[in-house]
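Chains A and B supply the protein sequences, listed in that same order.
Those letters in the first sequence? Residues 1 to 605, per my numbering, in order.
Those letters in the second sequence? Residues 1 to 605, per my numbering, in order.
Derived by calculation from the structure, the hints in this document are not laboratory data.
Identical copies go unnamed one by one, so any copy, or any two together, can satisfy a pair.
Here are the simulated lysine to any residue pairs, SDA-like style, with alpha carbons at most 20 Å apart:
#, residue 1, residue 2
1, 604, 532
2, 604, 536
3, 430, 477
4, 184, 8
5, 169, 230
6, 582, 541
7, 153, 44
8, 169, 118
9, 221, 369
10, 604, 574
11, 604, 494
Protein chains: 2
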Amino acid sequence: MKNVSFHDVRLTSGFWADRQRINAERSVRSIYDRFRDTGRVQSFDFTWKEGDPQKPHIFWDSDIAKWLESAAYVLSERKDPALHDLGAALIDRVAEHQGADGYFNTYYTVVEPGKRFTDRNCHELYCAGHMMEAAVAWYEATGERKLLDCMEKYAALIDEKFVRAQTEKFATPGHEEIELALVKMYECTGNERYLRMSETFINNRGRHLLDEDGESVGYAKLKQVQSHLPVREQREAVGHAVRAMYLYCAMADLALRLNDGELKQACIALFESVCRRMYITGGVGSTHIGEAFSVDADLPNDTAYAETCAAIGLCFFARRMQALDPKGRYGDVFERAAYNGVLSGISLDGKAFFYENPLEIPPEAAHSPGVRYPITKRLEVFGCSCCPPNLTRFIAAFGDNLYTVENDDIYLWQFASSEAELALAGGKAKIVQTTDYPASGLVRIAYHGPAARLHVRIPEWCADYCGPVENGFALFDLENGAELELRLPMRPRFVEADPRVLADAGRVAVQFGPVVYCLEAEDNGPWLRDVVLGDLSAATVRFEKEYDACVLEIPAFRHDLGDYGALYQTRGRAALRPFTAKLIPYFAFANRTESEMLVWTQAKG
Amino acid sequence: MKNVSFHDVRLTSGFWADRQRINAERSVRSIYDRFRDTGRVQSFDFTWKEGDPQKPHIFWDSDIAKWLESAAYVLSERKDPALHDLGAALIDRVAEHQGADGYFNTYYTVVEPGKRFTDRNCHELYCAGHMMEAAVAWYEATGERKLLDCMEKYAALIDEKFVRAQTEKFATPGHEEIELALVKMYECTGNERYLRMSETFINNRGRHLLDEDGESVGYAKLKQVQSHLPVREQREAVGHAVRAMYLYCAMADLALRLNDGELKQACIALFESVCRRMYITGGVGSTHIGEAFSVDADLPNDTAYAETCAAIGLCFFARRMQALDPKGRYGDVFERAAYNGVLSGISLDGKAFFYENPLEIPPEAAHSPGVRYPITKRLEVFGCSCCPPNLTRFIAAFGDNLYTVENDDIYLWQFASSEAELALAGGKAKIVQTTDYPASGLVRIAYHGPAARLHVRIPEWCADYCGPVENGFALFDLENGAELELRLPMRPRFVEADPRVLADAGRVAVQFGPVVYCLEAEDNGPWLRDVVLGDLSAATVRFEKEYDACVLEIPAFRHDLGDYGALYQTRGRAALRPFTAKLIPYFAFANRTESEMLVWTQAKG
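One chain only, chain A, in its complex shape (with noise of 0.2 Å):
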């Protein structure tokens, strides 16, 4: 079973073409104009020293790493001379400062050169994992090989040091990522030793309790860097979100590729237990206290963190989960986050970026002191800026997510305009897309290839499918020349969540498809929370081409606060009055003003 890569699938139009062109055209330059701002592109000429501005910091090699990713996916697409040369550039000067022994971060080379290896939280093992991405990257969108053979490079040194002599102070990286990006370079490669490399990292991990000065580690910081247990062992999601979905895909990874049905159950089981501590955007990590995971169903809306790295992470875990374990539960969640979680990171225009993504955003008047609301307006760059490029990179690569095939079983689990290409045992098949999803559940499909079985995603949203579901998925014969039409009925619903989410009980949800809504006050006015909800089968569902997806009109109630002579009054004085509440995609709060936003809603009963 293999997740077609994006190489194989272009996407032609609709929501994820035109994000794909906002990324190309706008995110992709302005996120290295805003690194070249910061310092990060400087930072790779290693001449920085103690006194100069701009230190580089321990993790800016990871955000130069994933925005040569991104350019590159963006090259893979398209032809962008300029960009090219910006990408090679820095490439040219990884080649360039490179240790003899093949080591190579900025941090630890131009500010603390003595350290190199000594403390597992400080991210050179993470760093060095987003450059072999982007070297895999890189090779397969230029055929380029010189930052690859950089990383190979340094890749043989960690082999050495880490898994064949294991004489360093660490023996797994604080922040996971390495042992996913090992993946890449064996996929890319075909050397089995980076497999091996990060099957060590793996095993390892759970089992060394000590920290760098042999000192024994206390449980809950263990946990936060899920090494509280052997991996095998480990069934809740904890600790740092993103880590833990770094980790979650590397152990998908190497399940499916060592079919080891051991490490497969660990994914299952993590898996669901993300999904007990998810929001209904699939954003995940609820805490900003170690940007980590909370028990089940602790989903604060106001001060969510839900980082959007997490989202993405989660994604391609639900991605990796797809092609090892073939249920529409993956697909579902991948939705889930992709068209809400994930999306409201990054502005319409494609230019500014959230880290946190709150599910409401209280009016300021009502601000309680010493709490920890995330930031009202999305910025350009961070301090730590890990989301953008990891956005862009998402973004560019959104092929990746369409089709799983295995002998002749194609598995459609994303839905979007494309033609892709797929290596089917019976030889090779194209299969063409035709859809306005989001805004709409019909799909058109054509098929050209040997005769197969079609797989498509019947999504959890749509219970109104007619049709028989097996594990998720509606089973089609496909011949050469054959042509579907898939409908999944779209209205607007009421979403509850479970009782145990004591942050949305007695309220709901609106969705549309995959698409998650909220009210900004900006549409509907002050005091959302107040805002009541009607009939839902009165609702107007209108396409607005500034989202690429609807908005709602909803008959709703709301109080008039001129009613309201006390803080307290028996109820019934103050009379509900109608008005019609505007929704729009959650994907797109926080587009225009800094407004108050509200996700979850009250709704007549």
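Starting from the structure of chain A, add chain B where the hints point.
Same frame as chain A, but now just chain B:
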């Protein structure tokens, strides 16, 4: 206009008389024992030295003082020679260890002897104020002048240092209290010097914006101690809630006694500001950060601070406002606090206390990391144990809160079975109330005395009262021998909050008379936020002796958690199932096992 003192009002039976009995027989003694366990009592021996355990704290004098005041109030009502001897022994220690110049403070005598009057935030004048209140109480209860003499001597020193010479490092105390205590000293002794001292402290407040070292103090820090503006210009309740209440009490005291209209207007505005920042229980100071007021309507339920002392302070303020500006509003707020957020501070057995009074105890399994939740089980003593002896003095002197008189006008503003002697312009009068309030709204009133006008407060909760009401009072003409029967129709009702109280949006609280109700998991099972209350007209009301109040049974609905296969699902898949919800008075929560608890509940529309 004058509030009638508890010395002239004897509670004869019913709710408050029962509380006074438990208070006298158990609470006052229990607190003494805990104050002995913790070294507070022994600190009055002045023998502590560096290295000894149980180091005196800056506020311990005030704990002992409020205990002495409580004991005095108990001794006013009943003979208890043992209790008298415990108090008298402490008073002997005060006389013994008071400085030759009149100074009295344990901490600044035995712990930091060189530092007296150097730090306004170290509670020195606050402790002095509480000792003065105790001195007045003890003298009035026993006729023994020893403590009053000591405090007159101390007051003379304070007058010299802070009022005449103004030579000390600060001009007003960081924690208000002495201002109102000096008014009591004036009332007790007739010495106008004390009134002038109070006036000076009040007038100086907000006019000295430098700290003890001559540095200017930040605005937020000044607000925390109500020193950001001259008091006559203050219109917003800010900062530490207990300090604010004690300040406003003194302002109201002076406004009445000095006939100061500007001060009165400030008091009226500040009272209204308090009401915009007040829980339905009368709790104030919603945030633990600074134990302070937040912005209007910021009233989170699960993290509510709502210190018991602040609710008591609000009662003290409301009582003074009743005399200053006789409107029903003040008695309404008084009873909101007294029957709810004050009494929740003490267990039914009178021995254990809450410092904080949340309106929700969420399931422990749903606790967010990093969020500070109040404790869920009352304790017998706290490190900062101001609340227990504040409760005992409040309960013992509850008779303070029934009547206000002026000429031949009697204001009856709280209900309790009682006999009162009133001094009217036309001569002495006796008024007897007989009632089961708050279990019933029937109040029988018998009167003997000269012709008078009786203004009876018609509570804000009683919209069904038949008859004319002006400024919250119904007017009756009294002749000698008059008998009245007041019927305040009492039925359970749903109360809603102003929609700007985000925490309560879409929810109701249940009140029966002045009593706010809550659900506990002990009666209703867990996940209370899912409970939807149904038809209130089908509720059953049952008096329960344990609470001296009624419990309510209300038809209700909830989901079966087994109906949730996933965290999010289309509304309607899980049915609401009927059950009978049991609600108990909020003041009685947490008297059984530690349990989830909820005030603001969902209700059918």
